[in-house]
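All chains, please: the whole structure from these sequences, using the hints.
All the letters of the sequence shown, read from the start, carry residue numbers 115 to 453 under the numbering used here.
Calculated directly from the structure, the hints in this document are not laboratory data.
Ideal Cβ placement from N, Cα and C applies to all residues, glycine included.
Take these hints with a grain of salt, some might be off.
[Claimed, not checked] Across the chosen pairs, the derived CB separations fall in these ranges:
no. : residue 1 : residue 2 : range
1   : N346      : R394      : 40 to 50 Å
2   : D407      : D310      : 19 to 29 Å
3   : S347      : A442      : 34 to 44 Å
4   : E321      : E397      : 43 to 53 Å
5   : E321      : E161      : 29 to 39 Å
6   : V175      : T389      : 25 to 35 Å
7   : K254      : E330      : 12 to 22 Å
8   : R394      : S347      : 19 to 29 Å
9   : S347      : E161      : 45 to 55 Å
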Amino acid sequence: MKKLMLMLVSAAALTAHSAMAKDTLTISVYSFAQDAYKKALYDPFEEICDCELVIETGNSVERMAKIEANAADPVIDMAVISSHDALSLAQKGLIAPLDISKLSNHAKLYPAAQDPIGNNMAVGYTFYASSIVYRDDLVKIKSWGDLLGKDLAGQVSLPNITGTQGPLTLMMLDKALNGGSGDFSSVIAKIGEDADDIVTFYSRSSELAQLMNQEEVIAAPLGRFAWSRFKNSPLSFAWAEPEEGQAGGMNVMIMTKGNGNEELAYKLMDYWLSTEVQTRIAEALIDSPANKDVVVSDEVADNLTYGADLINSLNILSPAEIIANRDAWVEQWNAEVIK
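Okay, here's the thing in C-alpha cells:
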C-alpha cells in the first residue's frame with residue numbers, strides 16, 4: 115500500500131510539473147531598446163502562446179560566433195541580425211530555409227523584405243536608414259566627407275569595420291571622397307591616416323550614446339534604429355541629410371538549423387511581422403516597419419525609416435558584396451587603422 119501511495123504521489127507530482135512547464139523559445143537580438151521590446155513584443159507574445167522567451171543580446175560578432183560554436187546542438191532557436199550576417203550564416207549552412215506558408219503576414223511585407231538574401235533563408239522585419247548624428251549647436255554637417263575634415267578632428271567617432279554600420283560608412287565615405295568608386299581601400303587608408311583624430315571606433319550604439327552625451331564626441335555615423343538614444347537628450351543632437359544621401363539596410367529574422375523548436379519560432383516571427391505588432395513597435399519608436407500596411411502619424415514617421423519613397427531612396431550595399439569583400443576590408447583595417 116505504501117509503495118502504491120508513493121507511486122501515486124510521484125505520478126501526481128510529475129503531472130503537475132508537466133502542466134506547469136512552459137515551452138521555451140531562445141532568441142538572439144540586438145541589445146538596444148530591450149525594455150521597450152519587452153512591453154511591445156515579448157510580454158504580449160508570451161501571453162498569447164503561454165510560453166517563455168529567453169532573450170540573449172550582444173553585438174553581431176558575438177552573436178554569430180555563438181550560433182556557429184553551437185551548430186551541432188543549437189542553443190539559439192531564432193535570431194534577428196543584419197541581412198549580410200544572415201547571408202554569411204546561410205553560406206556556412208547554419209540556418210534553415212523558412213517555410214513561408216507558415217507566415218501569414220509575409221505578403222504584407224515590402225517586396226525587398228520578403229526574400230532579402232535568396233532561397234527564403236531570411237525574412238526582413240525592419241528597414242533602417244544610416245546617417246550622421248551630430249551636435250547642430252557646434253557644427254554643421256553637409257557631407258559624409260565632413261567626418262574626416264579638420265573641423266571635426268578629435269571630436270568624431272566611427273563604427274568598427276566589423277559592425278553593421280562599418281561597411282555602410284565606408285560606402286558613403288567612398289561616395290563623398292571618390293564619387294562612389296566601389297573600391298573602399300583608399301577610404302580605409304584615409305581613415306588610417308587620420309586614426310589619431312578619431313576618438314574611438316565604436317562597436318555598440320549604447321557606447322556611442324554615452325560618448326556623445328558626455329560631450330567627448332560631437333558627430334558619428336548611426337543607424338536610425340538607435341536615434342531614440344539621442345532625440346530626447348538635453349543636448350542639441352540632429353540627424354544629418356548629407357548631399358550624398360543616406361545609407362540604408364535591413365535587419366532580418368533567421369532560424370537556426372535543426373533547433374527542434376521551429377513551430378514556436380514561426381509563431382513569434384509571424385506575430386512580429388503582423389500589422390498590429392509592427393505598428394506598436396513603430397509608434398514606440400523602436401524599429402521602422404517592413405510591413406507596408408503600417409500607418410503612423412507624420413510625427414512618428416519623422417523618427418523612422420518609413421514609407422516606400424524613403425526606403426527606395428537609400429544607398430544600399432548588397433549583402434553579397436559585403437560578404438565578398440569583408441575579409442579584405444578587415445585585413446586592411448587591422449593593418450592600417452588599428453595598427
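Would you pick out the hints that fail for this structure and give their numbers low to high? Hints 1, 2, 4 and 9 not satisfied by this model.
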